[in-house]
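Add chain B to chain A, keeping to what the hints say.
So the sequences go chain by chain: A and B.
Letter by letter, the first sequence follows residues 1 to 129 in our numbering.
Letter by letter, the second sequence follows residues 1001 to 1129 in our numbering.
Calculated directly from the structure, the hints in this document are not laboratory data.
It cannot be assumed that every hint is accurate.
Stated by the list, open to error - Straight-line distance between alpha carbons at most 27 angstroms, and here's what the computed DSSO-like set of lysine-lysine pairs gives: (1) K8/A to K1056/B; (2) K56/A to K1008/B; (3) K71/A to K1108/B; (4) K1089/B to K1056/B; (5) K113/A to K1108/B; (6) K1071/B to K108/A.
Protein chains: 2
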Amino acid sequence: MSWIDTLKFDSNGLIPAVIQEESTGNVLMVAWMNRQSIEMTIQTGKTHFWSRSRQKYWMKGEESGHVQIVKEISFDCDADVLLIKVEQKGVACHEGYKSCFFRSVDLKNGEVKINQERLINPADVYKKK
Amino acid sequence: MSWIDTLKFDSNGLIPAVIQEESTGNVLMVAWMNRQSIEMTIQTGKTHFWSRSRQKYWMKGEESGHVQIVKEISFDCDADVLLIKVEQKGVACHEGYKSCFFRSVDLKNGEVKINQERLINPADVYKKK
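With the rest of the complex left out, here is chain A (with noise of 0.2 angstroms):
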């Protein structure tokens, strides 16, 4: 029996993944996998998910070049959640930051701050089509 066996995927066949950047710890973003896309990403080392708005596979970088190269896959206690550390190509975040977390929020008075530098502009990366 495959580990994947002992993962618990929701209603849809869907466990979230987080991503985190192996070499810095932050935490860069969170998609969600079916079995074969865990498939897919074991066989490539890159990470593929499974859009549930678009209803496809996708791999992270695949327009962009900005690709995550696999370092590690782990599982939580409850065995539906993923944890993946990656090496992150680029940025992550399709809005020109390195992770999708870039918005925090002042817990005293719920403004809200960019907490990272746009490394990129989403206008050179993403071609209109």
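Chain B alone, transformed into the frame defined by chain A:
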């Protein structure tokens, strides 16, 4: 309008929260919040969640004393995932490990290995009812 109004909750009114130890960068756990548990988290400075299996609010550490002191709250570009940096008292995992992600997969052969030390004996923390 509060920043909470800008979040995208799922059809059950829930949003996943990635909990990260501020001092080490370790991802400790992922659990679900609804609007009220986010408000409880901010008001008390300690993480509160919504249990999908028990259909009730719970504060991390309510039984074990292993609470999480909130240091930073961020959210991602799609506004459908929270990242919360905390100071973890004791351990995050009810199985006695610091992080719930204590099992890693060997990418070559699929073997599962424990990647951390068990720091406490769960039987000492969770009393039988």
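Here is how each hint holds up against the structure:
no. : hint               : in the structure
1   : K8/A to K1056/B    : 21 angstroms, holds
2   : K56/A to K1008/B   : 21 angstroms, holds
3   : K71/A to K1108/B   : 11 angstroms, holds
4   : K1089/B to K1056/B : 23 angstroms, holds
5   : K113/A to K1108/B  : 42 angstroms, violated
6   : K1071/B to K108/A  : 11 angstroms, holds
Comparing the model with each earlier hint shows a violation of hint 5 alone; every other hint is respected.
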